[in-house]
Amino acid sequence: MAAEPGGRTVLVLPDVAAPPAAARRGRRWPAFSIGVIAGFVLLAVFAPLLGLPDPQSQSLRNRFKPPVWEESGTWQHPLGTDRLGRDLLSRIVWGARVSLAAGVVTVLVASAFGAIVGLVAGYYRGRVDATLMRVTDATMSFPVILLALILAVTVGPSFANVVFAIAVILWARYARVIRGQVLTLMELDFIAQARIAGAGAWRVITRHLFPNTLNTLVVLVTLQIGYVIIVEASLSFLGAGIPPPTPAWGSMIAEGREFVTSAWWASFFPGLAILLVVLAFNLLGDWLRDTLDPKLRQL
Amino acid sequence: MSKTAATRVPSHRATARVASTRARRTLMASFLSLTLGLLFTASPGLAQGKTELTVALSSFSTEVLDPVLGGHIVKYYLSMMFDYLVGTTPDGQPSPGAGLAVKWENSPDYKRWTFHLRKGVKFHNGDDVTAEDVKFSLQRAIGKRSTTGYAGPLRTLIQDIETPAPDRVVLVTKEPTLIIPTYLSRSLSTEGMVLPKKYIEASGDDVFARKPVGSGPYKFVEQVTGSHIKLTAVDNHWRIGVPKYKTVTFKLVPEETTRIALLRRGEVDVADVSRERVKELEKEAFPVHFRREEAILSMWYSFGPDGWPAPFKDKRVREAMNLAVDRAEIAQSIFAGKAEPAAIPMGLSWAFKDIGLKVTPEMAYPFDPVRAKKLLADAGLGGGLNMDLYAYQLPGLPEGKAFAEAVSGYWEKIGIKTKLIPVDYPAYRKLWVDRKVPGSMGYYNIANRDWIGTFALLEKQAYSPSKPNDTVNDPEVDGMIAQVLRQTDREKINGLMRNIYTRIRSEHAGVPVVYLHSAYATSKTLGKWNPGTVMYDLFFDQLASSK
Amino acid sequence: MIRFVLLRLVQSLVALAILSVVVFILARATGDPLHLIMPMSATEEDYANARRYLGLDRPYLEQYFSFVGKAVRGDFGMSLRARRPVLELIQERLPNSLKLAAFAMGVSLAMAFPLGIMAAVKKGTGVDRAAQVVAVLGQSLPTFWLAIVLVEFVAGRLQWLPAAGNEAGLASYVLPGFTLGWFVVAGMMRLLRSSMLEVLDSDYVKLARVKGVVERRVVWLHALKNALIPVITFAGIYFAILVTTAIVVETVFAWPGLGRLAYEGISSRDFPVIQAVVLTTAAIVALISLCVDCLYAVIDPRIRHARS
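Residue numbers (this note's numbering), protein chains in the order written: chain R, 447 to 745; chain F, 12 to 558; chain L, 114 to 421.
In short, the hints are calculated from the structure, not lab data.
Any given hint could be a false lead.
As the list claims (entries may be wrong) - Okay, derived cross-link-like pairs now, BS3-like style, lysine-lysine, Cα gap no bigger than 30 Å in a straight line:
| hint | chain 1 | residue 1 | chain 2 | residue 2 |
| --- | --- | --- | --- | --- |
| 1 | F | LYS294 | F | LYS326 |
| 2 | F | LYS539 | F | LYS364 |
| 3 | L | LYS338 | F | LYS241 |
| 4 | F | LYS230 | F | LYS241 |
| 5 | L | LYS324 | F | LYS222 |
| 6 | F | LYS257 | F | LYS208 |
| 7 | F | LYS155 | L | LYS183 |
| 8 | F | LYS222 | L | LYS212 |
| 9 | F | LYS326 | F | LYS61 |
| 10 | F | LYS222 | F | LYS185 |
| 11 | F | LYS384 | F | LYS430 |
| 12 | F | LYS130 | F | LYS114 |
Stated by the list, open to error - If you only want the chain R side, here are some residues facing chain F, beta carbon under 7 Å, derived:
| hint | residue |
| --- | --- |
| 13 | ALA576 |
| 14 | LEU578 |
| 15 | PRO691 |
Stated by the list, open to error - Partner residues are not named here, just some residues of chain F that face chain R (Cβ under 8 Å, in silico):
| hint | residue |
| --- | --- |
| 16 | GLU212 |
| 17 | ASP216 |
| 18 | SER285 |
| 19 | GLU416 |
| 20 | ILE432 |
| 21 | PRO433 |
Fair warning: this is a prediction, and the values are worked out from it, not measured in the lab.
Even glycine gets a Cβ: it sits at the ideal position worked out from N, Cα and C.
Next up, chain R with everything else stripped away, as it sits in the complex (with noise of 0.2 Å):
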């Protein structure tokens, strides 16, 4: 027991730790997430350095060959062909500039617009606040793949419509978010003190209000690329997706998902390939998530 000037009693209590007693989460490196990204980045950023065959040259004599260590394979085309005759591995490499761009600019669009949004609601407060989390509510709910299919019909599917597809529904939930950060924000003393002294609302965002939605925005980001990746997949199946011939991860699963057992390596590989990119931003995200502020349990 201690005694605080004021007369207020604070209790301190032992650190007894809970057995079993583990390493704190947070110090380790999550190796294999920053791993596989840098490598998928890197095929993406080298891909026209590597010497792979051109990913759209179709050779209908050579479809469906399997992958080198199987019976008919050739290290021509290490991981097999697919319907057309494309080579499966340039194809995932190329597919990789494809399906990360996608991801990356999608969730940069939408968590930029969102957390804009985020910070004049949290900022004004009142009518301000009420229209916009209207707006926002109304957005959170309409469903993305709808939307996306909506598009796909009325101006045709293309990269530009997939991105603008997820990213006008996806900045609802930056907004939303955000805009709770910053209320809390605002109760604080600095903020209180900043417009004493004369800061305007420009100042104020950007200068305090912003820097500290950071953390929320890098984990909310990083969760949500793979996010993106997987819609795009689906939207590749229901025929909304980035059209051929351009490789994407997604499409090339959705047009091989017909031969699983024939020829599984068509939708495999660029499954596997989805499956580690993915799987690397979530586990990246939850690190980051708990290194920065485990308190964003919400997200």
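Fit chains F and L to the known structure of chain R by using the hints.
Chains F and L only, in chain R's frame:
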């Protein structure tokens, strides 16, 4: 305080709590295993005794059960519920034994057609089938709101419908014509289906669509839109005797892996399968029925507001497009060998025998990309050209998008930069019909059919006055088609049709690719089945026939 | 409290109103449904007649208000494709979607609980890691791929469970429910784990440990009870997500639910169906959010007063 583990004094309360926790855990475990056990021993779906027939299809086209107002294509389930005025054999030949008309005759001037109706036929609600019903059905089929495919020519031709007796119907036409019986038969579309006049007039179209009543061997039981349609057998029917199957269920299962899984589980007796998976099923000894040349996969050019778009106006370019495609390779690879190269655009081969057309080896396009490039250069397009190809899947053509990619690959090799535009077919059709995308290409798996059906198709897609759907825009062809409409001499008609096709082929009015054989996998216990060669009909009633 | 509920209700209605405008515009932007319904030989006059018959020739504003006015009474118009009242179609399919979502929710909870608790209690060890990976795996596989693999092997080859439809009783729910449910396990498990960690770290629990309470009791009775609250509130949101995103699962398993209805509506440019499905799912999400917020407000009075 030191950082030792807190001392725990096991009290009897603690022990009791440990025990209760253990008890809770055991309870949880047993509950879980019980549930799992129940789940895994659940009976695998419907019991497939011999009294139930279940068919899994990848698409139902529209699901309005009104044969006239539903924008129909497929007749799989309609043919079970309704009778046709003129019945056919599974090969599409008009047959008095299979329709409501036991006899029909024409006047010498081919302007009056008399149909004698079967006696004693009743609708499912007990009403008798009379000439009034035939007249009513026909008027409805060619009426303003009808959405059937071939009502057009009927509308122009039919002047009057007389009902001189309850078992006699007379059609009076404005011009002499041969097409009446076939247009009202099973071999074409649904215009010949006989519907209950009293029931529809009393209940209205909407009620009829939801609770259809016909006179066929199967009665409507229930429909869950987007899921299934259930029918139940009548006791005895003149078409098939005592139906072998008490119930017939059509299930909509869009995903092929699922359809095949249902077949393996015995929950389904017939499933349409893609050509690429036939081998896998044959290996497991599932009988696979093929409808050979069920459709022709034919590509066409979209016109602009004034006909042929610029680069394709030149016949040499059109020929080059044809020479660049390796049809044999496409047939072997994309369609797993279940296809044959086609030589004539929109060439519906089931009609060739009827009209005496022989497809000679010269008519077949060789695979000659070298010559194709030369033709392009001759036409001044040595530097290549840009083109849009709309890519989509269709019922019966799950390989649609892969096919489009493959074909574009061949054209890329001769310098035609092809941009693939994935859409769904209705979207492309709108653009095509509105003439908003001149110079682009589309395709369809056009169902094969007999000569009258073929003529009907040509009248739609090769005839300038049919404006939106014309893909040929050739005054010579127009002239010939107009003549057929008025011709009653079979020999002359045949000659005209042969010339039409020869002209279409020599003008390279499109890119015919392959004839598709369609595969239907069945359960091992199904028995003999002849799916027939009538478009969009699989003759399931034959399966149920005890005759 | 009442004031809070009413306020939230009004907010939800405003959101729905905004959504109705958006979906009205979007549905019409998809194209002309007449091209699908009318026969190829239809003339301009036929199209004009059909448009008039279906009410598609009225000015948009009039169409919109007519749509809203009827929708409020539950009349969503007639499906252009199926020629049946849309309300009937929704009534047929909504229960199927709800039941599947409920089952999937059950699967998620059944998986998330043991995983989350193990991970929290054995924090930092291999068990924690493994539990995390199992949970996250559900979010890292494309849904349709998992569904197809399950259909092919578990239903088709091993024949343990039905492959399609919802007519074989509880067994029909297992594969689609599992596919759908695994997707949200990660989120729930994370929540549970973090909540438990936070509670386990809290003063209350430290005091309990100091008092010498048995560890197992600490975990089960104290920590879990308090960690459940955020999980339950988020279970509501997840349920809404499950209902609205099941389209892929419904396609593969031929499950007659809302997702498929929406897909068919979009493919056939069936405005009334598109509008109705989007509004229905939005209303469900709004309703569930409302209940969840109220629940949360009851439990945590600070929320009630902080919001407005």
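Against the structure, the hints come out as follows:
1. LYS294(F) x LYS326(F): The given pair, whose Cα atoms are some 47 Å apart, is violated under the 30 Å limit.
2. LYS539(F) x LYS364(F): holds (27 Å)
3. LYS338(L) x LYS241(F): violated (50 Å)
4. LYS230(F) x LYS241(F): Holds, at about 9 Å.
5. LYS324(L) x LYS222(F): Violated, at roughly 73 Å.
6. LYS257(F) x LYS208(F): Answer holds: LYS257(F) to LYS208(F) is near 27 Å, not above 30 Å.
7. LYS155(F) x LYS183(L): The given pair, whose Cα atoms are some 29 Å apart, holds under the 30 Å limit.
8. LYS222(F) x LYS212(L): Judged against 30 Å, a Cα distance of about 27 Å means the pair holds.
9. LYS326(F) x LYS61(F): Not satisfied, since the Cα-Cα distance of roughly 58 Å exceeds 30 Å.
10. LYS222(F) x LYS185(F): This hinted pair is violated, its Cα atoms lying about 36 Å apart.
11. LYS384(F) x LYS430(F): holds (19 Å)
12. LYS130(F) x LYS114(F): Holds. LYS130(F) to LYS114(F) sits at ~12 Å (cutoff 30 Å).
13. ALA576: Cβ of ALA576(R) sits 40 Å from chain F, so the hint is violated.
14. LEU578: Interface hint status for LEU578(R): violated (35 Å vs cutoff 7 Å).
15. PRO691: holds (6 Å)
16. GLU212: violated (38 Å)
17. ASP216: violated (29 Å)
18. SER285: holds (7 Å)
19. GLU416: Given a least distance of 5 Å, the restraint on GLU416(F) holds.
20. ILE432: Holds. Min distance 6 Å.
21. PRO433: Holds, about 5 Å.
Figure legend: structure checked against the earlier numbered hints; hints not met, in rising order: 1, 3, 5, 9, 10, 13, 14, 16 and 17.
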